[in-house]
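Assemble the whole structure, with the sequences as input and the hints as a guide.
Read in full-length UniProt numbering, the sequence shown has 158 at position 158, and its numbers run on one by one without any break.
Calculated directly from the structure, the hints in this document are not laboratory data. Computed from a predicted model, the values in this text were never measured in an experiment. All C-beta atoms, glycine included, are put in the ideal place defined by N, C-alpha and C. Be aware that one or more of the hints could be misleading.
For each label pair, taking beta carbons as the anchor points, the in silico distance ranges come out as [stated by the list, open to error]:
1. LEU11 with ASN80: 20 to 28 Å
2. PRO83 with GLY30: 34 to 42 Å
3. GLU49 with ASN28: 17 to 25 Å
4. HIS87 with PRO41: 34 to 42 Å
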Amino acid sequence: MPLSFVLDPPLTDALRADIVALWTDVTNAGGAVGFVAPVIPDDVRPVAEKALAGVAEGVDRLLIGVDDGRLVAVLFIADNRFPLKAHWRVLKRVMVRPGSQGRGYGAALMREAAVVASELGLAGLQVTVRDGHGLDGFYRRLGYREVGRVPGALRIAPGDDRDELFMWLDLRQPQDAAFTAGSAAASATSSPA
Numbered sequence: 001m002p003l004s005f006v007l008d009p010p011l012t013d014a015l016r017a018d019i020v021a022l023w024t025d026v027t028n029a030g031g032a033v034g035f036v037a038p039v040i041p042d043d044v045r046p047v048a049e050k051a052l053a054g055v056a057e058g059v060d061r062l063l064i065g066v067d068d069g070r071l072v073a074v075l076f077i078a079d080n081r082f083p084l085k086a087h088w089r090v091l092k093r094v095m096v097r098p099g100s101q102g103r104g105y106g107a108a109l110m111r112e113a114a115v116v117a118s119e120l121g122l123a124g125l126q127v128t129v130r131d132g133h134g135l136d137g138f139y140r141r142l143g144y145r146e147v148g149r150v151p152g153a154l155r156i157a158p159g160d161d162r163d164e165l166f167m168w169l170d171l172r173q174p175q176d177a178a179f180t181a182g183s184a185a186a187s188a189t190s191s192p193a
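Shown next as structure tokens:
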């Protein structure tokens, strides 16, 4: 069954619990989504609730991917909360359930986010990447380019500092047909996300 997307789904208790569970699983599988493994749902829940509060207030947007009725992908389209940056957004917590990776869901989720952003009239999208996971290559293949880097900004553990990369997708430029076509289909090239 193809991946389907829902923008701003109702924030039910069940969905909130599913997001916390997915976020926990992604972190414990090595995902760079704000934590360092190991974590338990109680570690993730306060951060998830803060992110979901922005969605509930209507400031941020939530995009989820569903496969056969099961939540498999999530990202937040976060407002900058600053008038001079109102024309672009930040994608946060880009996650695909570990058991669903390798099917192109990460790429499909990112394409769908670009479609949503274009429909909102946004000029661009930014994503922040923890170096050392190879995710910059994933985002580059989707049309993002590195626009900044803060050396050693993220302390994963004592002696393990990682660069924080800022990557940008300019939505004012025509996108490659392969990028924009079939955003709802998960038939895209497999990705690590």
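Do the hints match the structure? See the list:
The beta-carbon spacing between LEU11 and ASN80, approximately 22 Å, falls within the hinted interval of 20 to 28 Å. Hint check: PRO83 to GLY30, Cβ distance near 38 Å, so the stated range 34 to 42 Å holds. About 19 Å separates the C-beta atoms of GLU49 and ASN28, a value consistent with the hinted range of 17 to 25 Å. Take HIS87 and PRO41: their Cβ atoms lie about 36 Å apart, and the range 34 to 42 Å holds.
Hint compliance for this structure: no hint is broken.
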